[in-house]
Amino acid sequence: MTDQTVGSGGLPGIASAANESSKRLAKRHAAERRFRWYGIAALLFGLGFLVILFTSIIGKGWTAFLQTSAHLEVYFDPKVVNPSGNPADRDELLRANYAKLADEALYKVIGVDPDNRKERRSANKLLSRGVDTQLKDIVMADPSVIGEKRDVWLLAADDVDALLKGSISRDTPEERRALDNQQLGWIDHMVEKGLLEKRFNTGLFVYGASSYPETAGLGVALIGSLFMMMVVILLAVPLAVAAATYLEEFAAKNRISDLIEVNINNLAAVPSIVFGLLGLAIFINFLGLPRSAPIVGGLVLSLMTLPTIIIATRAALKAVPPSIREGALGVGASKHQVIMHHVLPLALPGILTGTIIGLVQALGETAPLLMIGMVAFVADYPSTPMDPATALPVQIYMWATAAERGFIERTAGATMVLLAFLIVMNSLAVYLRHKFERKW
Amino acid sequence: MSNLTILAILAAAAVLAYLVGRYRSVQVSNGNTIPTHSRPSYHGAYLAIWTVIPALLLLTVWTAADNPVFEYFTAQQLPAAYHEQSDAQQSLTMNVVESIAEGLPHLTPREDEILRKARYGFVTNDTAREVLSENGVILGSAPEPYVIQAAIYLADLRATARLVLPAVCFLLAAGCFFWAYRNIAPALRARTYVERTMTAGLFAASTVAVLTTVGIVLSVLFETIHFFQLVPPQDYFFGTVWDPRFSAAGSGGSEGQFGLLPLLWGTMYISLVALLVAVPVGLFAAIYMSEYAGPKVRTIAKPLLEILAGIPTIVYGFFALVTFGPFMRDAGAAVGLDISASSVLTAGIVMGVMIIPFVSSLSDDIINAVPNSLREGSYGLGATQSETIKRVILPAALPGIVGAILLAASRAIGETMIVVLAAGIAANLTLNPFEQVTTITVKIVSQLTGDLEFNSPQTLVAFALGLTLFVITLGLNIYALYIVRKYREQYE
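Chains as they are written, first to last, in full-length UniProt numbering: chain A, 1 to 440; chain B, 1 to 492.
Please keep in mind that the hints were generated in silico from the structure rather than gathered at the bench. One should not assume that every hint holds.
[To be verified] Below 30 angstroms or equal to it, Euclidean Cα-Cα: the simulated DSSO-like pairs (lysine-lysine) are:
1) A:27 with A:79
2) A:136 with A:108
3) B:486 with A:318
4) B:296 with A:435
5) A:149 with A:118
6) A:253 with A:335
7) A:118 with A:27
8) A:100 with A:23
9) A:439 with B:302
10) A:439 with B:296
11) B:302 with A:318
12) B:390 with A:27
13) B:390 with A:318
14) A:79 with A:118
15) A:435 with B:302
16) A:193 with A:149
17) B:390 with A:23
18) B:486 with A:253
Bound-form chain A, shown alone (with noise of 0.2 angstroms):
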């Protein structure tokens, strides 16, 4: 009661500044509350971004994964494919119509007259210009198909493709279609009779090169990145030990391996753009080594990746507890010997952390490679690390400029492959850290 009294009218003064501190406090827990929300906005903006982005990545991309095929009975007919009757001829073999055969089978199933080229040109589209190559291996493969009929699925076109994928609306009026009404009659036909569907596409991971997107693939970046990633675990993982043991174990503290400590730590933050100019200028120009090749790229990044796997290592180094040096050395091994024989194998969990997380930086960058010409059209697979060859990333980057609609398919398609890779190789080292993982 007493309280009451006080505060409703027998001391107006203080009451009204109670009034005013508690609504002074309501106003500074309300700003702690809103400080908070900030927080926490902001680590879902984050989160968010990230969620969308690998959203938009595999809704873009998951359908390069399917590939329209078309089921067509292929008579390989001896006339068009070996008119000389000698399947040791290969040259004739080689440069044989093979693209005629598949046209004939698919004019069978969806009944063109043979006779009427508008038709047949229209029905050509129909089909990619990759079956050329797909029925030429088959018959290189085994010549004794010649006069006989297969089943074979052959790759549709990219427009067939798109549409199924559901890029291609039909609502579209047919003059800004990229098929016209005939074509879609013969597609719908097709596929109620089970003779085209989409399939696993394995071309995306075999083909090389192309300039159409049904057979354009990522097998020749594929095999290019992993010549590059041979050559940083060859080269940047023994000398980035190497240093590190070094600097950690043996460097006196003074001004050299003050120097190469600053050195390593600036080299870390040097965009990588610029190792790109160091590989153009060097490994180019001065000791003219190839352009495009795998040999180059793989030491560019090795240069890259080199401080980031001597800081790791250098850490790991430092996690292994004085008592094991001091143990061995009291029972009289040299300091080499307590190194090689205790430290590293002791480090080695580490070591291989730092140096999985070194390859996937090296794995993803892109820029320095275009420096050093990765951009380039290479169809064959290189069979040494002197031939040319692309990179997973940089195939990316040029099917991204493509302008044609089915390769935006791919690239994200083909940035899938790489963040799977990424993915997998991180969770490894997440892995490997927790596995080996020593409370000392």
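Chain A is already provided as a structure; the job is to place chain B on it using the hints.
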């Protein structure tokens, strides 16, 4: 014999020497290796090192030196007429000599005969030229007899070298092997020698980082100096027009203009937008994670956020190109704004998201490093948590946060793939964030893709741009690292 074969043989020799050394060590100590100074494996390694390293050094020096030396000798063979030519003509002649010499080993004995006759004038030069072109050596004009003479001389030198080099290498390896083999004795301090060699090797590995920096600076600097001989520096540094003109250089009025300012402005503008996104988001995320979030949220959110920095930049670029850019354009059109699909805003925002983790992770570490006594003091005075953060923790952590922001800025400035795909190619000096600008890195890429000619300013300018970029980012990095290190020391 190619260098690769020599290397392979040397490697095999090393293994053999190691085994021999180990065996010899046991032999000289009559099977009792305990009193020897070093373990048998060190004797093996000692012998292997002596066998391989001198030969390897010889091989390296020879390979690095043979071309210039051979060319010098060949030049001595050429008549006085050659030495009176200008430098450019001399190098042209030398190139012809070089390409003929490279073609010579591919000739059949009969064709070789023809060429050897051509140098004395028994066969016309045109015949020689024909023979060469049949074998893949295309020459602009029929070679002079003295050029053929020099080429044959050079080819002979090379052929001799191909025989002599392996012989000398293997002789050296064998000699060193026997010398070291005789040294093996129980008292030999093999372990000390081996360990010293290893330390030297480790040191050499650690200097690769320094050599890389030196290599970057030298390679970029040389080409930049070249560039400044063709284009005056003031036109580059203060020029406001970027128009490199890929058409024929050297014809007076059609020379390109290489003004740095529009590119520098574009780079700074996009980086600024990126920082406007990354700094608030990164900072608030860091504050939330270090001050508010429980350990569970923290262990999940922090690595997730760091994924943003691990995604290859080409992926961001592609995202900006096909999703975010069109989205911004449509969103702008919906509210009546004319936003270009590759505007400053598009590139800046996507780049900003990429550098969020650079701000947040480092800031998180720095905020965590602020001593708890400061927090508790502030709470004791009655401050709320946000007041403590704003008035106490952030001011205390400010230098470190500034360092983190500078590092993020240096990333943004050097970033290439996002801007190559998402920013424009027109070098505009504009304040409008809805228009296109271009950056230094975009221009480096566009000047260096395609066919290259290393004496045109159009190509060389890329190296000047590269040097500019290197200097800017290096300055930012050094300053940022200095700040961060100084800050760390403050609380240690």
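Quick rundown of the hints versus the structure:
no. : hint             : in the structure
1   : A:27 with A:79   : violated, 92 angstroms
2   : A:136 with A:108 : holds, 21 angstroms
3   : B:486 with A:318 : holds, 22 angstroms
4   : B:296 with A:435 : holds, 21 angstroms
5   : A:149 with A:118 : holds, 27 angstroms
6   : A:253 with A:335 : holds, 17 angstroms
7   : A:118 with A:27  : violated, 79 angstroms
8   : A:100 with A:23  : violated, 87 angstroms
9   : A:439 with B:302 : holds, 22 angstroms
10  : A:439 with B:296 : holds, 21 angstroms
11  : B:302 with A:318 : holds, 24 angstroms
12  : B:390 with A:27  : holds, 16 angstroms
13  : B:390 with A:318 : violated, 36 angstroms
14  : A:79 with A:118  : holds, 24 angstroms
15  : A:435 with B:302 : holds, 21 angstroms
16  : A:193 with A:149 : holds, 19 angstroms
17  : B:390 with A:23  : holds, 21 angstroms
18  : B:486 with A:253 : holds, 19 angstroms
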